[in-house]
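There are 2 protein chains.
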Amino acid sequence: MTLTAAPLRLATTQPDFDARFTERLHWSAEQDDAIEGRVRDILADVRARGDAAVLEYTVRFDGLKVDSLSALELNAAELKAAFDALPVEQREALTQAAARIRRYHEWQKTQGGATATYRDEDGTLLGQKITPLDRVGIYVPGGKAAYPSSLLMNAIPAHVAGVQEIIMVVPTPVRGSVATGGTGDATATRGERNELVLAAAHVAGVTRAFTIGGAQAVAALAYGTASVPKVDKITGPGNAYVASAKKRVFGTVGIDMIAGPSEILVLADGSTRPDWVAMDLFSQAEHDELAQSILLCPDAAYIDAVQREINRLLLTLPRAEIIAKSLNGRGALIHTRSMEEACAISNRIAPEHLEVSSSEPHRWEPLLKHAGAIFLGAFTSESLGDYCAGPNHVLPTSGTARFSGPLSVYDFQKRSSLIEVSEQGAQQLGRIASVLAHGEGLQAHAGAAEMRLKR
Amino acid sequence: MTLTAAPLRLATTQPDFDARFTERLHWSAEQDDAIEGRVRDILADVRARGDAAVLEYTVRFDGLKVDSLSALELNAAELKAAFDALPVEQREALTQAAARIRRYHEWQKTQGGATATYRDEDGTLLGQKITPLDRVGIYVPGGKAAYPSSLLMNAIPAHVAGVQEIIMVVPTPVRGSVATGGTGDATATRGERNELVLAAAHVAGVTRAFTIGGAQAVAALAYGTASVPKVDKITGPGNAYVASAKKRVFGTVGIDMIAGPSEILVLADGSTRPDWVAMDLFSQAEHDELAQSILLCPDAAYIDAVQREINRLLLTLPRAEIIAKSLNGRGALIHTRSMEEACAISNRIAPEHLEVSSSEPHRWEPLLKHAGAIFLGAFTSESLGDYCAGPNHVLPTSGTARFSGPLSVYDFQKRSSLIEVSEQGAQQLGRIASVLAHGEGLQAHAGAAEMRLKR
Chain A
7 MTLTAAPLRL ATTQPDFDAR FTERLHWSAE QDDAIEGRVR DILADVRARG
57 DAAVLEYTVR FDGLKVDSLS ALELNAAELK AAFDALPVEQ REALTQAAAR
107 IRRYHEWQKT QGGATATYRD EDGTLLGQKI TPLDRVGIYV PGGKAAYPSS
157 LLMNAIPAHV AGVQEIIMVV PTPVRGSVAT GGTGDATATR GERNELVLAA
207 AHVAGVTRAF TIGGAQAVAA LAYGTASVPK VDKITGPGNA YVASAKKRVF
257 GTVGIDMIAG PSEILVLADG STRPDWVAMD LFSQAEHDEL AQSILLCPDA
307 AYIDAVQREI NRLLLTLPRA EIIAKSLNGR GALIHTRSME EACAISNRIA
357 PEHLEVSSSE PHRWEPLLKH AGAIFLGAFT SESLGDYCAG PNHVLPTSGT
407 ARFSGPLSVY DFQKRSSLIE VSEQGAQQLG RIASVLAHGE GLQAHAGAAE
457 MRLKR
Chain B
7 MTLTAAPLRL ATTQPDFDAR FTERLHWSAE QDDAIEGRVR DILADVRARG
57 DAAVLEYTVR FDGLKVDSLS ALELNAAELK AAFDALPVEQ REALTQAAAR
107 IRRYHEWQKT QGGATATYRD EDGTLLGQKI TPLDRVGIYV PGGKAAYPSS
157 LLMNAIPAHV AGVQEIIMVV PTPVRGSVAT GGTGDATATR GERNELVLAA
207 AHVAGVTRAF TIGGAQAVAA LAYGTASVPK VDKITGPGNA YVASAKKRVF
257 GTVGIDMIAG PSEILVLADG STRPDWVAMD LFSQAEHDEL AQSILLCPDA
307 AYIDAVQREI NRLLLTLPRA EIIAKSLNGR GALIHTRSME EACAISNRIA
357 PEHLEVSSSE PHRWEPLLKH AGAIFLGAFT SESLGDYCAG PNHVLPTSGT
407 ARFSGPLSVY DFQKRSSLIE VSEQGAQQLG RIASVLAHGE GLQAHAGAAE
457 MRLKR
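Protein sequence lines, in the order shown, are assigned to chains A and B. Quick note: the first sequence uses my numbering, first residue 7, plus one each step. Quick note: the second sequence uses my numbering, first residue 7, plus one each step.
Bear in mind the hints are in silico, worked out from the structure with no lab data behind them. Hints are not guaranteed to be accurate.
Below, a list of computed lysine-lysine pairs in the BS3-like style, where the Cα atoms sit at most 27 Å apart [said to hold, decoys possible]:
#: 1; chain 1: A; residue 1: 115; chain 2: B; residue 2: 115
#: 2; chain 1: A; residue 1: 253; chain 2: B; residue 2: 253
#: 3; chain 1: B; residue 1: 375; chain 2: A; residue 2: 115
#: 4; chain 1: A; residue 1: 236; chain 2: B; residue 2: 253
#: 5; chain 1: B; residue 1: 375; chain 2: B; residue 2: 115
#: 6; chain 1: A; residue 1: 86; chain 2: A; residue 2: 253
#: 7; chain 1: A; residue 1: 71; chain 2: A; residue 2: 86
#: 8; chain 1: B; residue 1: 236; chain 2: A; residue 2: 253
#: 9; chain 1: A; residue 1: 236; chain 2: B; residue 2: 236
#: 10; chain 1: A; residue 1: 375; chain 2: B; residue 2: 236
#: 11; chain 1: B; residue 1: 236; chain 2: B; residue 2: 71
#: 12; chain 1: B; residue 1: 115; chain 2: A; residue 2: 375
#: 13; chain 1: A; residue 1: 86; chain 2: A; residue 2: 236
In isolation and in its complexed conformation, chain A is listed as follows (with noise of 0.2 Å):
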């Protein structure tokens, strides 16, 4: 059988464009009950028996058979040596792509984030001061999905902002075990580390590395046991376990946000060429089979002529059998009967990713209200922003980019509102929040209040 990639076609103009369009659409992260079965029993588990437990899973699903959870740390030296011992053309895009994510959100930090007061006219201080978190954890996936790149974003920021401590987890299971598909029998001392996520660990300046994972190791990081410290929020994506282990422990901790499938949307004029097109739409279906790449154009003859593309080149690539099947079951190619119609179906699709490919970028860029980075002209493909660009990778998906943004350097501090109220200001305040208290029916907030009142 010959792999094609077709790309549902639609057009705005059919009479069922919204109903097929919506089914499209269609993901939900409906809940698995047996998943959150066990992650409830694995969390409460590691809060009663702490180390030991953790120790038990690790050893049963990642198949490492150790002691004690210190020979599951890693080491500054260990990951020095990991980075050490990459390619140097390895090391230097590593050390670049680092650099150049510090250096925007350095200016992020700028935008918002620093402490502030002023009075008023009766010498009320009022403001907000603002502070790094403590201590952060930082989940990597191990196995097929795991990222150095993920790893910079996370870290990063963190860093940025100020915080002390940055403990990565990464689960390393041994090859035949639980976690990747096997029996688990315990044999091995050591799992599979992978080589170029350790070395971004002494990139980005990780403080503490574990090698543990799943829901005991977010469980480990949420309530802390007498080797993992206990931190106050939690990033980083995982599996099925993992986002069920982080929104159950949401509250305890923070957490940064529950991700879907990964997403693409590219706005295209036909300015483009169809090949740099096509090769965006693979970047982002070659994730996996759930991820959704969408292109909105108003030229059907463009959109012939990415499709031609897809076909091309296809075949030229390692990933082609995950791709056909994300492109077939998810992807679509949508007949738009202008731009100002697709900025319009992009805002309320509110994708991930939101590609402009455009010879006019900027006259669009104000019309798209959501989305969760916006790359502006042809040149600009998503996965110079995956890796370099300096933006945040980590992106609201599922339309949630409705209401949040990129990980950020804002999601690794706090803020505490600063109120000082001068005599004078109490004898306007008071009077004003004791009647709203006495309307509440709070006689103590408004006892509070008249009390500071001049006689």
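Once you've looked at the hints, dock chain B against the given chain A.
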């Protein structure tokens, strides 16, 4: 039996201080499986059946005998009428509080939240675009905990952020209904409305208002029904059902936070009148029996004086019984070695409200790392902040000030990254991205970067 209030008396020099204090602090938001199950069913039902399901639950729980959801919508004229009918003193207090809250949040908006970009040396443009959410839902509790101030604190930041549609839901249960602890015969077409809440909705500029509540109201806002528009984010406090529902729809929509019992921590150097401090401790304790009021002070004689004022003032208050239960069960008066030690203990607690009741509050403020709001000096009673100082009174509880802050304008905005790579920039970035993408096994990512390189 005479009512007395005796918060636990501790000294940091006691050998068992840590253990006893930790025990007193303990509060756990255990999830109630029965509530979780019922909430899951209600959410699924509203998602499937929309208005009909919301209506059925409102009839069943709130005892309202109505046959369409439109009968549960309050129009702008009704909100205005509620405002117009208030005593002039309450009208003025609401208006002045709203003006002060608006002014603070307008200032806050200038401290972050502006779209900005910069270009690096190769012409690549980077930055972030800030836009308001389109539509938000505000949950306002009905019954005994109906606080108009909460509505101001939720709706005004949304308004200042630029949100176009603010949808309020507030249950108006009939006396004797299930929601008010009765048996639930639906006989009335109209439940108990809190006129101050409706007036506050008028002042705050709410767009639409529905008299629905509970998990069914959260579901209606999260999924949308024929009558209730789907929102992007839901904020506002509620009971255990509302909290569970909000946690469950998190991801479909944004939510603010899951609030625990209210807390106040007073750091006192002994310079504030002890009756003022006693009343400030009461003003948190009167919220509910689980609220926590703690005094930290290096002066034992001053602590004695505060305890005497507690004894003297307690019976002057209508809510004395709740205050006594809260102080006896969860309160603490702690003798510290020094103000420095008191600050360190405060950081460990990360309190929601932190009063620095000192003659030199700016000496201690820099030592305070974690708190929702910091009230400086003797005149700054927490109750002034609750109603009208300006900063938000929706604050992180249960130690979550370690990683989160007050509700803010920023909660009603979101960011999108902006990236425009120049042709020249694509050369440098493309080589870095290509190396890293190949390292991660993502060849289409590499391909998209490589295609933009000059041959």
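Here is what the structure says about each hint:
1. A/115 x B/115: This hinted pair holds, its Cα atoms lying about 16 Å apart.
2. A/253 x B/253: It holds: about 8 Å lies between the C-alpha atoms, which stays within 27 Å.
3. B/375 x A/115: Holds, at about 19 Å.
4. A/236 x B/253: With a Cα-Cα distance of about 22 Å, the restraint between residue 236 of chain A and residue 253 of chain B holds, given a limit of 27 Å.
5. B/375 x B/115: Satisfied, since the Cα-Cα distance of roughly 23 Å is no more than 27 Å.
6. A/86 x A/253: Between residue 86 of chain A and residue 253 of chain A the Cα gap is close to 33 Å, so the pair fails against 27 Å, i.e. violated.
7. A/71 x A/86: 25 Å, holds
8. B/236 x A/253: Status holds; Cα separation ~22 Å.
9. A/236 x B/236: 37 Å, violated
10. A/375 x B/236: At roughly 17 Å apart (the allowed maximum being 27 Å), residue 236 of chain B and residue 375 of chain A satisfy the hint.
11. B/236 x B/71: It holds: about 25 Å lies between the C-alpha atoms, which stays within 27 Å.
12. B/115 x A/375: With a Cα-Cα distance of about 19 Å, the restraint between residue 115 of chain B and residue 375 of chain A holds, given a limit of 27 Å.
13. A/86 x A/236: Holds, because 25 Å separates the two Cα atoms, which is no more than 27 Å.
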